[in-house]
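Enquirer: In case you want the letters, here they are:
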Amino acid sequence: MAEDTGIKDSDLKSKHSRCKSFIRFINNTDRVVDVIWINFEGQHVKYKTLPPSAFFDCNTYVTHPWLFFDSETHDKLVVKSEEVFRPEPWYLQYQQGEDLPRKPGRTLVYITIPVYTLRERSLQVVRNNLSQPEDAFKLELPSTLQKELASKIKETLETQIVAN
Amino acid sequence: MGPGAMYVTITSADGHEFIIKRKYAEASETFEAMIGGPSETPENEPLRVDMKRYQSHVLQTVCTYLIYKVYYTNSTTEIPLFPIASEMSLELVDVANYLNC
Numbered sequence: 001m002a003e004d005t006g007i008k009d010s011d012l013k014s015k016h017s018r019c020k021s022f023i024r025f026i027n028n029t030d031r032v033v034d035v036i037w038i039n040f041e042g043q044h045v046k047y048k049t050l051p052p053s054a055f056f057d058c059n060t061y062v063t064h065p066w067l068f069f070d071s072e073t074h075d076k077l078v079v080k081s082e083e084v085f086r087p088e089p090w091y092l093q094y095q096q097g098e099d100l101p102r103k104p105g106r107t108l109v110y111i112t113i114p115v116y117t118l119r120e121r122s123l124q125v126v127r128n129n130l131s132q133p134e135d136a137f138k139l140e141l142p143s144t145l146q147k148e149l150a151s152k153i154k155e156t157l158e159t160q161i162v163a164n
Numbered sequence: 001m002g003p004g005a006m007y008v009t010i011t012s013a014d015g016h017e018f019i020i021k022r023k024y025a026e027a028s029e030t031f032e033a034m035i036g037g038p039s040e041t042p043e044n045e046p047l048r049v050d051m052k053r054y055q056s057h058v059l060q061t062v063c064t065y066l067i068y069k070v071y072y073t074n075s076t077t078e079i080p081l082f083p084i085a086s087e088m089s090l091e092l093v094d095v096a097n098y099l100n101c
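Residue numbers (full-length UniProt numbering), protein chains in the order written: chain A, 1 to 164; chain B, 1 to 101.
Because the hints were derived from the structure by calculation, they are not lab data. Predicted model only: the values in this text are computed from it and were never measured. Errors might be hidden in some of the hints.
DSSO-like, lysine-lysine: derived pairs with alpha carbons at most 30 Å apart [claimed, not checked]:
| id | chain 1 | residue 1 | chain 2 | residue 2 |
| --- | --- | --- | --- | --- |
| 1 | A | Lys48 | A | Lys138 |
| 2 | B | Lys69 | A | Lys80 |
| 3 | A | Lys103 | A | Lys147 |
| 4 | A | Lys154 | A | Lys76 |
| 5 | A | Lys76 | B | Lys52 |
| 6 | A | Lys48 | A | Lys103 |
| 7 | A | Lys154 | A | Lys13 |
| 8 | A | Lys80 | A | Lys138 |
| 9 | A | Lys138 | A | Lys46 |
| 10 | A | Lys147 | B | Lys52 |
| 11 | B | Lys23 | A | Lys76 |
| 12 | A | Lys80 | B | Lys52 |
| 13 | A | Lys138 | A | Lys103 |
| 14 | B | Lys21 | A | Lys147 |
| 15 | A | Lys154 | A | Lys20 |
| 16 | A | Lys138 | B | Lys52 |
| 17 | B | Lys69 | B | Lys52 |
| 18 | A | Lys76 | A | Lys15 |
| 19 | A | Lys13 | A | Lys48 |
| 20 | A | Lys13 | A | Lys138 |
| 21 | A | Lys80 | A | Lys48 |
| 22 | A | Lys154 | A | Lys103 |
| 23 | A | Lys103 | A | Lys76 |
| 24 | A | Lys46 | A | Lys147 |
| 25 | B | Lys69 | A | Lys76 |
| 26 | A | Lys154 | B | Lys52 |
Covered stretches of chain A (chain B as the covering partner; in silico rule of three or more C-beta atoms under 8 Å from a C-beta of chain B) [to be verified]:
| id | segment |
| --- | --- |
| 27 | 59–69 |
| 28 | 106–115 |
The beta-carbon is built from N, C-alpha and C at its ideal position, and this holds for glycine as well.
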C-alpha cells in the first residue's frame, strides 16, 4: 500500500497518464529498498518496500518519475546510474514495423547502488557509527560537514520512525 | 614527464609516495586542478602533488578509491560498495572534502 511521506520535491512530478509503461522493478542490492513514486503534486509516495533481490511488477506511465532509497539509511540508489527513473512507452522495446503483442512484456528495471563519492561514502560510515544528530558536532570536522552529518543522522532516524 | 606526464606522484606526511596514472588522479577535481594548470615542473621530471597534510594510510585508500571510481563510472557491471574501515572514516571525510571526490 502506498504511504504519503509528506516530502515535496518541486522539480519533479507526474504530469499525465496518457501512455502506459509496464515495469518490473528489481532490487539488485543487498539492502531493503523503498521504491518511491512522485505524484502529481510532487510529493514522494512510498509505493513499495523491496527486500534484497526481490522484485515487483508495476503498471506506470510515461512522465511518472520514480526514486529509490535505502529503507533504513535513506541513502540514494539508482537505475542505470540515474537517481530518477522515467518510464518509457511500453511499445519502445519492439522494433518499428513489428506486430505489437497482445500482452506486452515488462521492462526490467534494476535498482543498484551508485558510485558514491568518497565524501558521501565516508560520511555514510561515520553516520552509521553515531546515534544522535548532536553527536556530529562533537567530531573534529568543519562545521559544514558537521551540519551535513547531523542532517543525515536525523534523516535516518526519521526514516526509521516512519517505518515503525 | 612534466605537464604531459602519464603518472602523478602523491607525497604523504610520513614520507610515502604513491604513483598513479594521471587519468585516475584526475577523478578528483582538486587533483585535476593541481596537475592540469600551468606547471613549473621541468619536462624531464614526473608530476608531483604535495599531500603532506595526510598520512599514507589515508592516501592509499584515496588512490584505491580513485581507481574504483574511474573503473565503475558508466560501467555496466555490478558496482560493489567501496569498503571503508570505521576507524579511518573521519580522516577520509576530511581528505575527500578537500579533494572533491
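Enquirer: Now tell me if each hint is right for this structure.
Expert: Going down the list of hints, with the structure as the test:
no., hint, in the structure
1, A/Lys48 <-> A/Lys138, "37 Å, violated"
2, B/Lys69 <-> A/Lys80, "15 Å, holds"
3, A/Lys103 <-> A/Lys147, "51 Å, violated"
4, A/Lys154 <-> A/Lys76, "15 Å, holds"
5, A/Lys76 <-> B/Lys52, "33 Å, violated"
6, A/Lys48 <-> A/Lys103, "24 Å, holds"
7, A/Lys154 <-> A/Lys13, "25 Å, holds"
8, A/Lys80 <-> A/Lys138, "38 Å, violated"
9, A/Lys138 <-> A/Lys46, "34 Å, violated"
10, A/Lys147 <-> B/Lys52, "27 Å, holds"
11, B/Lys23 <-> A/Lys76, "27 Å, holds"
12, A/Lys80 <-> B/Lys52, "38 Å, violated"
13, A/Lys138 <-> A/Lys103, "59 Å, violated"
14, B/Lys21 <-> A/Lys147, "35 Å, violated"
15, A/Lys154 <-> A/Lys20, "37 Å, violated"
16, A/Lys138 <-> B/Lys52, "25 Å, holds"
17, B/Lys69 <-> B/Lys52, "23 Å, holds"
18, A/Lys76 <-> A/Lys15, "23 Å, holds"
19, A/Lys13 <-> A/Lys48, "18 Å, holds"
20, A/Lys13 <-> A/Lys138, "39 Å, violated"
21, A/Lys80 <-> A/Lys48, "20 Å, holds"
22, A/Lys154 <-> A/Lys103, "45 Å, violated"
23, A/Lys103 <-> A/Lys76, "33 Å, violated"
24, A/Lys46 <-> A/Lys147, "27 Å, holds"
25, B/Lys69 <-> A/Lys76, "17 Å, holds"
26, A/Lys154 <-> B/Lys52, "35 Å, violated"
27, 59–69, "violated (count 0)"
28, 106–115, "holds (count 4)"
Of the hints listed earlier, those the structure fails to meet are numbers 1, 3, 5, 8, 9, 12, 13, 14, 15, 20, 22, 23, 26 and 27, in rising order.
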